[in-house]
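Quick mapping for you: the protein sequence lines, in order, are chains A and B. With our numbering, the residue at position 192 of the first sequence is 192, and numbering never jumps. With our numbering, the residue at position 124 of the second sequence is 124, and numbering never jumps.
Bear in mind the hints are in silico, worked out from the structure with no lab data behind them. Yeah, the Cβ is synthetic: ideal placement off N, Cα and C, and Gly gets one too. Some hints could be false.
FRET-style restraints, in silico, Cβ to Cβ [as the list claims (entries may be wrong)]:
no.: 1; chain 1: A; residue 1: L160; chain 2: B; residue 2: R164; range: 22 to 28 Å
no.: 2; chain 1: A; residue 1: E92; chain 2: B; residue 2: R164; range: 20 to 26 Å
no.: 3; chain 1: A; residue 1: K214; chain 2: B; residue 2: E217; range: 14 to 20 Å
no.: 4; chain 1: B; residue 1: E217; chain 2: A; residue 2: A77; range: 38 to 44 Å
no.: 5; chain 1: A; residue 1: G42; chain 2: B; residue 2: P145; range: 33 to 39 Å
no.: 6; chain 1: B; residue 1: G135; chain 2: A; residue 2: L160; range: 24 to 30 Å
no.: 7; chain 1: B; residue 1: A98; chain 2: A; residue 2: G157; range: 55 to 61 Å
no.: 8; chain 1: A; residue 1: E92; chain 2: B; residue 2: L159; range: 35 to 41 Å
no.: 9; chain 1: B; residue 1: E110; chain 2: A; residue 2: E92; range: 23 to 29 Å
no.: 10; chain 1: A; residue 1: G157; chain 2: B; residue 2: Q11; range: 18 to 24 Å
no.: 11; chain 1: B; residue 1: P60; chain 2: A; residue 2: E165; range: 33 to 39 Å
Computed list of lysine-lysine pairs in DSS-like fashion (alpha-carbon distance at most 25 Å, straight line) [as the list claims (entries may be wrong)]:
no.: 12; chain 1: A; residue 1: K32; chain 2: B; residue 2: K45
no.: 13; chain 1: B; residue 1: K82; chain 2: A; residue 2: K41
no.: 14; chain 1: A; residue 1: K214; chain 2: B; residue 2: K133
no.: 15; chain 1: A; residue 1: K137; chain 2: A; residue 2: K189
no.: 16; chain 1: A; residue 1: K59; chain 2: B; residue 2: K20
no.: 17; chain 1: A; residue 1: K41; chain 2: B; residue 2: K45
no.: 18; chain 1: B; residue 1: K20; chain 2: A; residue 2: K137
no.: 19; chain 1: B; residue 1: K133; chain 2: A; residue 2: K41
no.: 20; chain 1: B; residue 1: K133; chain 2: A; residue 2: K80
no.: 21; chain 1: B; residue 1: K133; chain 2: A; residue 2: K32
Chain by chain, the residues run as shown.
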Amino acid sequence: MHDPAHAQEPHQKNDHEHDHSLVPSDPALRVKSLESLLVEKGLVDPAALDALIDTYEHKIGPRNGAQVVARAWVDAAFKKRLLANGTAAIGELGFGGRGGDYLQVVENTPSVHNLIVCTLCSCYPWAVLGLPPIWYKSAAYRSRAVIDPRGVLREFGLELPKETEIRIWDSTAELRYLVLPERPAGSDKLSEDDLAALVTRDAMIGVAKVTLAKPEGRP
Amino acid sequence: MNGVHDMGGMQNMGPVQPEKNEPVFHERWEGRVLALMLASGAWRKWNIDAMRCAIESIAPAEYLRMSYYEKWLAALRELLVKRGLVTRAEIESGIPEACSPKVTPPLSAETVPQAIARGNPVSRDVPAAARFKVGQRVRGRNIHPTGHTRLPRYARGKLGTVERDHGVFVFPDTNAHFLGEKPQHLYSVRFAARELWGEQAAPRDAVYVNLWDDHLEPA
Numbered sequence: 001m002h003d004p005a006h007a008q009e010p011h012q013k014n015d016h017e018h019d020h021s022l023v024p025s026d027p028a029l030r031v032k033s034l035e036s037l038l039v040e041k042g043l044v045d046p047a048a049l050d051a052l053i054d055t056y057e058h059k060i061g062p063r064n065g066a067q068v069v070a071r072a073w074v075d076a077a078f079k080k081r082l083l084a085n086g087t088a089a090i091g092e093l094g095f096g097g098r099g100g101d102y103l104q105v106v107e108n109t110p111s112v113h114n115l116i117v118c119t120l121c122s123c124y125p126w127a128v129l130g131l132p133p134i135w136y137k138s139a140a141y142r143s144r145a146v147i148d149p150r151g152v153l154r155e156f157g158l159e160l161p162k163e164t165e166i167r168i169w170d171s172t173a174e175l176r177y178l179v180l181p182e183r184p185a186g187s188d189k190l191s192e193d194d195l196a197a198l199v200t201r202d203a204m205i206g207v208a209k210v211t212l213a214k215p216e217g218r219p
Numbered sequence: 001m002n003g004v005h006d007m008g009g010m011q012n013m014g015p016v017q018p019e020k021n022e023p024v025f026h027e028r029w030e031g032r033v034l035a036l037m038l039a040s041g042a043w044r045k046w047n048i049d050a051m052r053c054a055i056e057s058i059a060p061a062e063y064l065r066m067s068y069y070e071k072w073l074a075a076l077r078e079l080l081v082k083r084g085l086v087t088r089a090e091i092e093s094g095i096p097e098a099c100s101p102k103v104t105p106p107l108s109a110e111t112v113p114q115a116i117a118r119g120n121p122v123s124r125d126v127p128a129a130a131r132f133k134v135g136q137r138v139r140g141r142n143i144h145p146t147g148h149t150r151l152p153r154y155a156r157g158k159l160g161t162v163e164r165d166h167g168v169f170v171f172p173d174t175n176a177h178f179l180g181e182k183p184q185h186l187y188s189v190r191f192a193a194r195e196l197w198g199e200q201a202a203p204r205d206a207v208y209v210n211l212w213d214d215h216l217e218p219a
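If we strip away everything but chain A, and leave its shape as in the complex, we get:
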């Protein structure tokens, strides 16, 4: 019982003492068991669970952030407000709330490139990008983004000139960041909607640039 490696999971130490059907080790079974307990006690409503999952699977995702970026590219006054007060300007488009109560937008320029990370956990701007991809939550990314940003970006196929100033934003508070990527050259004639379609999640984290190529298969 006092093995610190299992301090959080005392049941694992006691597997041999219990009926295994009551102490499932497979996460899917353990979650099922927990959900049924919480529902039976009236602590959670299963319909609320469905609504939460539906929200993050279908309603809140990187298309939100892409709208913000495209608006900033076509509307200079909006862009100014966005950089001065990200929360308020993004709120104009109806985005905010959980995982985006406080938002700061950081702008990429020919000389400055911004990169977002959370070294301590996996804080991410849910309100504009949805839930984070696995790589963003991985030890590989969280550990190296701050000490070796160029090496990390190279793994995404992005090589930056050595004169570029890289700013890494470690999300240690309830303030979340969104990168405003550079508008791709040759996009002058595109509509706001067409521009939004070019903006990828990865570009808004800062591990990619936006290009005119259709972002098929690219998040």
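We have chain A already, so just place chain B on it with the hints.
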């Protein structure tokens, strides 16, 4: 806590491995865990800092082995028991105790959109004098608390510059342990990459960290 979660600057964690066309959830149970955490959180028996603290309290080897949502599941189980919503016996059996009263969940499918829109506001409209000014040179304090802290190890003892004062926010280091919100100023502090990592870093790169008054001292 100088735990393995505090990953900024660690090496040998392998390459970053992005996944093409990544789904929001890879397994059904992952979405259920996310939803169970949010729906249980609606009881307000804990706060987001306590949740992070519960994740950080997972033993290091387990922390590194577990996926993101496995960590959430472990943390949720601990929070539910420690904050008295369920008993350890109930968690292990998945069955409510005989005397357990049936309660009404605070979150329903109908109130999910409002709850997400309301978010988790942690700025506080209380008077608190800022200890530092924008442009001031500061140093990350050389502290090693055994509890929760949002001051990453890599910033401790390092010189930085206050770039922005975000106003007064709840202090996670006390709030995580239910020791009060201790509202104080939150700053964006710029650390030159070379101050953090030495000559191997590019000369113009910088890491921006959100830190509170109690994390900083005048330089």
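So, going through the hints one by one against the coordinates:
1. L160/A / R164/B: 22 to 28 Å: holds, 24 Å
2. E92/A / R164/B: 20 to 26 Å: Cβ of E92/A to Cβ of R164/B: about 21 Å, so the range 20 to 26 Å holds.
3. K214/A / E217/B: 14 to 20 Å: violated, 51 Å
4. E217/B / A77/A: 38 to 44 Å: holds, 40 Å
5. G42/A / P145/B: 33 to 39 Å: Given about 37 Å between the Cβ atoms, the range holds.
6. G135/B / L160/A: 24 to 30 Å: Given a distance of about 28 Å, which is inside 24 to 30 Å, the answer is holds.
7. A98/B / G157/A: 55 to 61 Å: holds, 60 Å
8. E92/A / L159/B: 35 to 41 Å: Holds: the Cβ-Cβ distance is about 38 Å, inside 35 to 41 Å.
9. E110/B / E92/A: 23 to 29 Å: holds, 26 Å
10. G157/A / Q11/B: 18 to 24 Å: At 21 Å between Cβs, range holds.
11. P60/B / E165/A: 33 to 39 Å: At roughly 35 Å between Cβ atoms, E165/A and P60/B fall inside 33 to 39 Å, so the hint holds.
12. K32/A / K45/B: holds, 22 Å
13. K82/B / K41/A: With a Cα-Cα distance of about 17 Å, the restraint between K82/B and K41/A holds, given a limit of 25 Å.
14. K214/A / K133/B: violated, 45 Å
15. K137/A / K189/A: violated, 37 Å
16. K59/A / K20/B: holds, 20 Å
17. K41/A / K45/B: Satisfied, since the Cα-Cα distance of roughly 16 Å is no more than 25 Å.
18. K20/B / K137/A: Cα-Cα ~16 Å, so holds.
19. K133/B / K41/A: violated, 51 Å
20. K133/B / K80/A: holds, 24 Å
21. K133/B / K32/A: Status violated; Cα separation ~51 Å.
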